[in-house]
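2 protein chains.
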Amino acid sequence: MTEAVLKYLVDHREEQLEALNDFLRIPSVSTDSAFKDNVCEAASFVSDYLKKIGFDRVEIEETKGHPLVYGEWLGAGNDAPTVLVYGHYDVQPADPLPLWESDPFEPTVRNGRLFARGASDDKGQVFMYLAVFEAFMKTTGKLPINVKVCIEGEEEIGSEHLYDLLQTKKAQFAADFAMISDSGMVTEEQPTILYGLKGFTGLEFTIHGPANDLHSGIYGGAIRNPLMAMAQVLASMKDEHEVVLVDGFYDDVEPLTDEERQLITTAPSEDYIKTTGVSETVSEAGYTAVEHTMGRPTLEVNGMFGGYQGEGTKTIIPASATAKLTCRLVPGQDPEKVQDGLVTHIEENLPAGVTVEIEREPLSAKAYKVDPNHPLIEKAATSYSKAFNHPSVFVRMGGSIPVVEWIDDIFNIPIVLLGFGTPDDRLHSPNESFLLANFDRGLATLVDYFNSI
Amino acid sequence: MTEAVLKYLVDHREEQLEALNDFLRIPSVSTDSAFKDNVCEAASFVSDYLKKIGFDRVEIEETKGHPLVYGEWLGAGNDAPTVLVYGHYDVQPADPLPLWESDPFEPTVRNGRLFARGASDDKGQVFMYLAVFEAFMKTTGKLPINVKVCIEGEEEIGSEHLYDLLQTKKAQFAADFAMISDSGMVTEEQPTILYGLKGFTGLEFTIHGPANDLHSGIYGGAIRNPLMAMAQVLASMKDEHEVVLVDGFYDDVEPLTDEERQLITTAPSEDYIKTTGVSETVSEAGYTAVEHTMGRPTLEVNGMFGGYQGEGTKTIIPASATAKLTCRLVPGQDPEKVQDGLVTHIEENLPAGVTVEIEREPLSAKAYKVDPNHPLIEKAATSYSKAFNHPSVFVRMGGSIPVVEWIDDIFNIPIVLLGFGTPDDRLHSPNESFLLANFDRGLATLVDYFNSI
Numbered sequence: 007m008t009e010a011v012l013k014y015l016v017d018h019r020e021e022q023l024e025a026l027n028d029f030l031r032i033p034s035v036s037t038d039s040a041f042k043d044n045v046c047e048a049a050s051f052v053s054d055y056l057k058k059i060g061f062d063r064v065e066i067e068e069t070k071g072h073p074l075v076y077g078e079w080l081g082a083g084n085d086a087p088t089v090l091v092y093g094h095y096d097v098q099p100a101d102p103l104p105l106w107e108s109d110p111f112e113p114t115v116r117n118g119r120l121f122a123r124g125a126s127d128d129k130g131q132v133f134m135y136l137a138v139f140e141a142f143m144k145t146t147g148k149l150p151i152n153v154k155v156c157i158e159g160e161e162e163i164g165s166e167h168l169y170d171l172l173q174t175k176k177a178q179f180a181a182d183f184a185m186i187s188d189s190g191m192v193t194e195e196q197p198t199i200l201y202g203l204k205g206f207t208g209l210e211f212t213i214h215g216p217a218n219d220l221h222s223g224i225y226g227g228a229i230r231n232p233l234m235a236m237a238q239v240l241a242s243m244k245d246e247h248e249v250v251l252v253d254g255f256y257d258d259v260e261p262l263t264d265e266e267r268q269l270i271t272t273a274p275s276e277d278y279i280k281t282t283g284v285s286e287t288v289s290e291a292g293y294t295a296v297e298h299t300m301g302r303p304t305l306e307v308n309g310m311f312g313g314y315q316g317e318g319t320k321t322i323i324p325a326s327a328t329a330k331l332t333c334r335l336v337p338g339q340d341p342e343k344v345q346d347g348l349v350t351h352i353e354e355n356l357p358a359g360v361t362v363e364i365e366r367e368p369l370s371a372k373a374y375k376v377d378p379n380h381p382l383i384e385k386a387a388t389s390y391s392k393a394f395n396h397p398s399v400f401v402r403m404g405g406s407i408p409v410v411e412w413i414d415d416i417f418n419i420p421i422v423l424l425g426f427g428t429p430d431d432r433l434h435s436p437n438e439s440f441l442l443a444n445f446d447r448g449l450a451t452l453v454d455y456f457n458s459i
Numbered sequence: 007m008t009e010a011v012l013k014y015l016v017d018h019r020e021e022q023l024e025a026l027n028d029f030l031r032i033p034s035v036s037t038d039s040a041f042k043d044n045v046c047e048a049a050s051f052v053s054d055y056l057k058k059i060g061f062d063r064v065e066i067e068e069t070k071g072h073p074l075v076y077g078e079w080l081g082a083g084n085d086a087p088t089v090l091v092y093g094h095y096d097v098q099p100a101d102p103l104p105l106w107e108s109d110p111f112e113p114t115v116r117n118g119r120l121f122a123r124g125a126s127d128d129k130g131q132v133f134m135y136l137a138v139f140e141a142f143m144k145t146t147g148k149l150p151i152n153v154k155v156c157i158e159g160e161e162e163i164g165s166e167h168l169y170d171l172l173q174t175k176k177a178q179f180a181a182d183f184a185m186i187s188d189s190g191m192v193t194e195e196q197p198t199i200l201y202g203l204k205g206f207t208g209l210e211f212t213i214h215g216p217a218n219d220l221h222s223g224i225y226g227g228a229i230r231n232p233l234m235a236m237a238q239v240l241a242s243m244k245d246e247h248e249v250v251l252v253d254g255f256y257d258d259v260e261p262l263t264d265e266e267r268q269l270i271t272t273a274p275s276e277d278y279i280k281t282t283g284v285s286e287t288v289s290e291a292g293y294t295a296v297e298h299t300m301g302r303p304t305l306e307v308n309g310m311f312g313g314y315q316g317e318g319t320k321t322i323i324p325a326s327a328t329a330k331l332t333c334r335l336v337p338g339q340d341p342e343k344v345q346d347g348l349v350t351h352i353e354e355n356l357p358a359g360v361t362v363e364i365e366r367e368p369l370s371a372k373a374y375k376v377d378p379n380h381p382l383i384e385k386a387a388t389s390y391s392k393a394f395n396h397p398s399v400f401v402r403m404g405g406s407i408p409v410v411e412w413i414d415d416i417f418n419i420p421i422v423l424l425g426f427g428t429p430d431d432r433l434h435s436p437n438e439s440f441l442l443a444n445f446d447r448g449l450a451t452l453v454d455y456f457n458s459i
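Read top to bottom, the protein sequences are chains A and B. Residues are numbered in my numbering as their position in the first sequence, beginning at 1, plus a constant of 6. Residues are numbered in my numbering as their position in the second sequence, beginning at 1, plus a constant of 6.
It cannot be assumed that every hint is accurate.
EDC-like, lysine to aspartate or glutamate: derived pairs with alpha carbons at most 20 Å apart [to be verified]:
| # | chain 1 | residue 1 | chain 2 | residue 2 |
| --- | --- | --- | --- | --- |
| 1 | A | K320 | B | D101 |
| 2 | A | K280 | B | D219 |
| 3 | B | K320 | A | E365 |
| 4 | B | K320 | A | E210 |
| 5 | B | K280 | A | D219 |
| 6 | A | K320 | B | E365 |
| 7 | A | K320 | B | D219 |
Calculated directly from the structure, the hints in this document are not laboratory data.
Chain A extracted, bound-state conformation (with noise of 0.2 Å):
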């Protein structure tokens, strides 16, 4: 079977790309109301195309922003797992135009790379299981697994409707596992799993000093300063060797396990001095880098500021200051005990003389991470190692995909993260580019994944 639709696949791929291309040429930025219709327009083609290879349902669900494709094939019987398939058809705007070595909106291929706004993030993968579901429906008349998709148009813009939604229709979304190809590989021919994400949580701080800006000679002496209070406040929270102070942060924190260090240390890593320019990297005291963005929380100050910003000197004390604050968190933490934690620290270590003002950050998130031995995450990346001939590494992410932590919340059900993006990819860049070999190994994994389970 496997053979008849890889055949298809290849003596289609013309076609197919062509079909990829018309995606590619709809400019659905969902941040921008000037491309309202052009969203509306790419959710149609989803649902046009998941219509015609023959799903039994296929529906646009609105919301108060952009719609989502839902679509659904589910004649493999009860006996056979059901999938849901997430991903998103928006797109980031393609500013700054001047940049782009080829119209955004017009896909064109150099060096095997297809070049286009949303090749790889996400279009590109997105059509990657339209065009693998075509195939075995094409050449068998059916897909080997139930099949459900849920393609949103808001992903760019944080995904406002999602939750509710998911929440809402939790019996029309129900699946035994999920798949999400909206991520990259570590290299570009390294087959990657991500099996943990971290979750999320933050909050801003104002410090309130004096009514208003004071001169700093006629008080310095008797105002508390809000500027060097926000940095005693602050500096109480880490210390030089990357430990946070605030109590409980790491109660209930899961620790890595000596299987899980190996993991991290066999998959290639990016060297973090050459990308970014650091000097050295630092973490914390025990754990390497890689190690601690991967397997560690961690507690950053995203921005500051307060009093004169401007050239040269202004002798004042300034009346407040202000600090966000953000944490990524690992499996075991809480995120609204750890906010917690953070808003107790911070009103126990102000000092006398002033106020503060906490905002919290209401948009936070667990980690997320399932067991890399999980039979659908081993069975997936035996068909992944296969199709890239390279064996494939399991990592976890520092970063946070809110999605993910959603439907592990509302399903509790197994995610299968596996992108097929390159570290070149440019994703929300100029010059965005999605790399053909990794669209034909990947077809190449699907099929065979989609037949092993």
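Use these hints to put chain B onto chain A, whose structure you have.
Coordinates of chain B only, in the frame set by chain A:
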């Protein structure tokens, strides 16, 4: 002799105030080149007045910026002392104009106050000297002491060319003591002699981390965050009891004597909590807020910024963080040594993985202090007390007046700082005014003082 002079001042009050009004009508805003001609016009007003009342030599000293008016009358002979009177004829901009209750350049009397930009700072106080010199010349044909007058036009923009001019023409400006009336009294009726001012130094430093802002999920745990490093460096500079922890900072500090602490305690002082809106004052361990502001050095963060400052959250590790620091210094401290200490402290306390770029504040100044028991100061206090019918207080101020340090540095002479402004004068703000009762009592003070030395 005093009686005749005072009678002249009473008899010619209206005429002299009208001349002051003419002076105030000139919008001599030094910072705005649109007013360049008006600045020159104000210089001419001063030089013409000095010529009219019979000064021997009156010159407009050109600089690369605005001119300075020099005048001298040396007819009192070699046995009489020579005073250098410093003041400035330039004013702050009048913006925001809509907040003025009357035209800033059309002097108006309301409730015993003369409202106009420059009424108190410093045209009104400069004019008092002109009025008194006029009264002496018209009634006695001479002045009781030798007088050199130095009225500049760049005080509100940093007196950029003054130091070099005084240094270059040191012999011309040489005197036995100096007088400056460009300050205020602690209350409306409290004769206040400033016998000390703080010195000044500072720097700006930028901590550089990665070449660009980084994704906090991908890089958090591997890269030192410049904002946190900034917080750690700043927090290492001061403890929660407002004690500066920079090595050597207090080494050369001239301690507050019991006599001075007594002077500080007896002077009426501002209610810091009421005027600034803080919940409590905070000062160096072992010193009251007033003692600290007047007599102990300070270190303040005047501004700080880095990373994302917009609304909401942006999960980055910023490329850099910047802070601006200034210190107010007391007698004994060498500004350059203090600045060196700050630089060394920052460099030595910088955590690994980031670099620092330090820009030293080019303007620095030593603190100034004169012995409050110096006969010239004591006599000024006596005249001041008689005219205001209230014993004079001696205060040190946390602010810095560069010209005071420069006169001290170049001529090494006592400087009598007696200001006739009041706390309600609204210097640099809309509705600046000068209390006319203090104009009259100030004239009496000057007449008595010049006759007593």
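Now the hints, each set against the structure:
1. A/K320 to B/D101: Distance of about 19 Å is within 20 Å: holds.
2. A/K280 to B/D219: 15 Å, holds
3. B/K320 to A/E365: Status holds; Cα separation ~15 Å.
4. B/K320 to A/E210: 11 Å, holds
5. B/K280 to A/D219: Given that 20 Å is the threshold and the Cα spacing comes to 15 Å, the pair holds.
6. A/K320 to B/E365: Judged against 20 Å, a Cα distance of about 15 Å means the pair holds.
7. A/K320 to B/D219: 27 Å, violated
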